Amino acid sequence: MPTKIAVKDLRKGFPTEQGHLPVIDDVSFEVADGEFVAIVGPSGCGKSTLLNVIAGFDPPDRGSVTVDGSLATGPSSKRILMPQQGSVFPWLTVQQNLMFGLNGHAPGNREQIADHYAAIVGLKGFEMSYPHELSGGMLKRAELARALVVKPEVLYMDEPFSALDALMSLRMRKELLRILAEERHTVVLVTHDVEEAIHLADRILVLSARPTRIQMSFEVPFAHPRTLSSPAAQGLKEAVLRELGV
Amino acid sequence: MSKLQLVLPSLAVIAVLLTVWWLAVVLTGSAIFPTPWQVVTGTLELAREGTLWDDIGASLMRVATGFLLAVSIAVPLGLWMGWVKGAFSTLNPLFQMLRPISPIAWIPIAILWFGVGNESPIFLIFISSVFPMVVQTTAGVHTIERRYLRAAENFGVSRYTLFRRVIIPAVLPQIIVGMRIGLGVAWLVVVAAEMIALRSGLGYLIIDSRNAGNRYDLVIGGMVIIGIIGLSLDGMMRLLEGLRTVRWRYAH
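Read top to bottom, the protein sequences are chains D and S.
Note that the first sequence covers residues 0 to 245 in numbering that gives the first Met the number 0.
Note that the second sequence covers residues 0 to 251 in numbering that gives the first Met the number 0.
Be aware that a few hints might be false.
Residues of chain D clear of chain S, computed beta-carbon distances all greater than 10 Å [stated by the list, open to error]: (1) Asp8; (2) Pro14; (3) Gly43; (4) Val64; (5) Ala71; (6) Arg78; (7) Asp114; (8) Ser134; (9) Asp164; (10) Glu194; (11) Pro210; (12) Ile213; (13) Gly234.
Covered stretches of chain S (chain D as the covering partner; in silico rule of three or more C-beta atoms under 8 Å from a C-beta of chain D) [as the list claims (entries may be wrong)]: (14) 142-153; (15) 165-172; (16) 240-249.
Sample of chain D residues facing chain S (criterion: CB under 10 Å; computed from the structure) [stated by the list, open to error]: (17) His19; (18) Phe56; (19) Gly73; (20) Pro74; (21) Ser76; (22) Ile79; (23) Leu80; (24) Phe88; (25) Pro89; (26) Leu91; (27) Thr92; (28) Gln94; (29) Gly100; (30) Asn102; (31) Pro130; (32) Ala146.
It should be emphasised that the hints constitute simulated quantities derived from the structure, not laboratory data.
Since the structure is predicted, the reported quantities are computational estimates derived from the model, not experimental observations.
Ideal Cβ positions, reconstructed from N, Cα and C, are used throughout, including at glycine.
Chain D with its partners taken away, still in its complex shape:
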């Protein structure tokens, strides 16, 4: 597999009243084309900061992010970030949200494409609803559909399902896997949920406490659909948790 994303010697800090606060301390890793990489770490370790820098929203202090061999210095519609709090526009309907990123299509086509993706994520019948009329799980579906509509090469997901209850979170993971099996994307997922990482990812990177660096990398060698209760999966989970100091 060719390398899709290469993160090299990344450092990032923020100025505070007490002086410079280092958050990311020399992070390097590569993501292959079509690979699903999960980044787990203790809360507050700088996972979101790392993802924002990789997605091009915050410039790194040092180091670089290259995608397909060329330097990525800003956000692009080929690489969609799904932020932790969600970013579905509350003033637009589901359909208008999904059509938001569609440029250069004929107007009738745009609606058709939007409704197609609404159906894929299970929002059929809610195209004309406003976000505040939807449940938390449906909002996440809308967020995912809006990202998928523009056919991005890369999805950056920041704790996408952590605000959902356990049952809904599990259901969303299964749906995400189903969609990814149909439309191939490279995914970088940031999460604090080790089980979620094992369920979804091909590889797990474990971050240290702040200032963060990559402490360990685990391959997840299980074929889909995965059974998280299998001894091998449980063993992997314990190994990852041990790295996290739990």
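Here the structure of chain D is known, so what remains is to put chain S in place on it, guided by the hints.
Same frame as chain D, now just chain S:
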């Protein structure tokens, strides 16, 4: 609770006030201060003659003209100041200084510049309602959450789409709040302006009723009508808050 139960207490308070008022006038035997019933008959008489409708129409016309003029300047200006840092840092200090000056203080200047015709009150209404609307619109742009702007940036949309689909709808609830404040102030100001310079309008009705023979029944009648119209104007603005595209902001 039913709607009737909600309005019942406030109706009761008004009824008590009217009774106290009526008793006070009757017991003191005042020759000038009217009873509530005299206010009603005096006002009905004015309505029959038609001057009441002319005055209401004149006041509403002035408010509508000055207010719409203010909206058409304040909204684009507020969006610009909210979006462009340089525009904000240049103009905001000036506006913050002009804003606390009472519109009444502008009356001499308005008369000097525009004379005693319709232009003076329209100018005063414009001055009084434009600042709160600029301030609200600017604040609306400043409070757009970064995650929404980043999402728009992520999808790489055109400037036109960014404004039409993100900035304007995100600020619209704040614009409506600004319009409510602006129209409220405009209605306060038109009455004050008409008392000083003009020969028509509800403000003129009040001051003229007093000057031409102590007709305090018409003074109070005019005040009540001003209150009722002000309430209806605010009610109209509140209807805008019910629009589906802005309900997300008021829902919580």
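Consistency of the hints with the structure:
Every CB of chain S is more than 10 Å from the CB of D/Asp8 (nearest about 25 Å), matching its label as outside the interface. With a closest Cβ-Cβ approach of about 18 Å to chain S, D/Pro14 is found to remain outside the 10 Å limit, as its non-interface label requires. Once the 10 Å rule is applied to beta carbons, D/Gly43 is consistent with being away from chain S; the minimum gap is 19 Å. The non-interface label for D/Val64 is consistent with chain S: the shortest C-beta to C-beta separation is roughly 15 Å, beyond 10 Å.
No Cβ of chain S approaches the Cβ of D/Ala71 within 10 Å, the least distance being about 13 Å, so the stated non-interface status holds. Annotated as non-interface, D/Arg78 brings its C-beta within 10 Å of a C-beta of chain S; the closest such distance is 8 Å. With a cut of 10 Å on Cβ distances, D/Asp114 stays outside the contact zone with chain S, its closest approach being about 18 Å. Residue-level check passed: D/Ser134 sits 15 Å from the nearest beta carbon of chain S, beyond 10 Å.
Against the 10 Å criterion, D/Asp164 stays outside the reach of chain S, whose nearest CB is about 21 Å from its own CB. Against chain S, the non-interface label of D/Glu194 holds: every CB pair exceeds 10 Å, the least being about 27 Å. Distance to chain S confirms D/Pro210 as a non-interface residue, since its nearest Cβ pair spans about 23 Å, more than 10 Å. Distance to chain S confirms D/Ile213 as a non-interface residue, since its nearest Cβ pair spans about 25 Å, more than 10 Å.
Against the 10 Å criterion, D/Gly234 stays outside the reach of chain S, whose nearest CB is about 38 Å from its own CB. With 7 residues having a beta carbon nearer than 8 Å to a beta carbon of chain D, the segment 142-153 of chain S meets the requirement of three or more and the stated coverage holds. Counting residues of the segment 165-172 of chain S whose CB lies closer than 8 Å to any CB of chain D gives 4, so the stated coverage by that chain holds, three being the minimum. Counting residues of the segment 240-249 of chain S whose CB falls under 8 Å from any CB of chain D gives 6; the rule of at least 3 is met.
Hint status for D/His19: violated, given a least beta-carbon distance of 22 Å to chain S, over 10 Å. Interface restraint check for D/Phe56: the shortest CB-CB distance to chain S comes to about 6 Å, inside 10 Å, so the restraint holds. A cut of 10 Å between beta carbons decides the hint on D/Gly73: the least distance to chain S is about 8 Å, and the hint holds. Of the supplied interface hints, the one on D/Pro74 holds, with its beta-carbon coming within about 5 Å of a beta-carbon of chain S, less than 10 Å.
Restraint check, D/Ser76 versus chain S: the minimum CB separation of about 4 Å is within 10 Å; hint holds. For D/Ile79, the interface hint holds, since its Cβ comes within 10 Å of a Cβ in chain S; the closest pair sits about 6 Å apart. Taking 10 Å as the C-beta cut-off, the interface hint given for D/Leu80 holds, the closest approach to chain S being about 6 Å. Evaluation of the D/Phe88 hint against chain S yields a held restraint, the C-beta minimum of about 6 Å falling below 10 Å.
At a threshold of 10 Å, the smallest CB-CB gap from D/Pro89 to chain S is about 4 Å, leaving the interface hint in force. Checking D/Leu91 against chain S by beta carbon gives a least distance of about 7 Å; that is within 10 Å, so the hint holds. Taking 10 Å as the C-beta contact cut-off toward chain S, the hint placing D/Thr92 at the interface holds, the least distance being around 9 Å. Against a cut-off of 10 Å between C-beta atoms, the interface hint on D/Gln94 is violated, since the closest Cβ of chain S lies about 13 Å away.
Taking 10 Å as the C-beta contact cut-off toward chain S, the hint placing D/Gly100 at the interface holds, the least distance being around 4 Å. Look at D/Asn102: its Cβ gets to within about 7 Å of chain S, closer than 10 Å, so that hint holds up. At its closest, the beta carbon of D/Pro130 sits 7 Å from a beta carbon of chain S; the interface hint therefore holds under the 10 Å criterion. At its closest, the beta carbon of D/Ala146 sits 9 Å from a beta carbon of chain S; the interface hint therefore holds under the 10 Å criterion.
Hint compliance for this structure: hints 6, 17, 28 are broken, all remaining hints hold.
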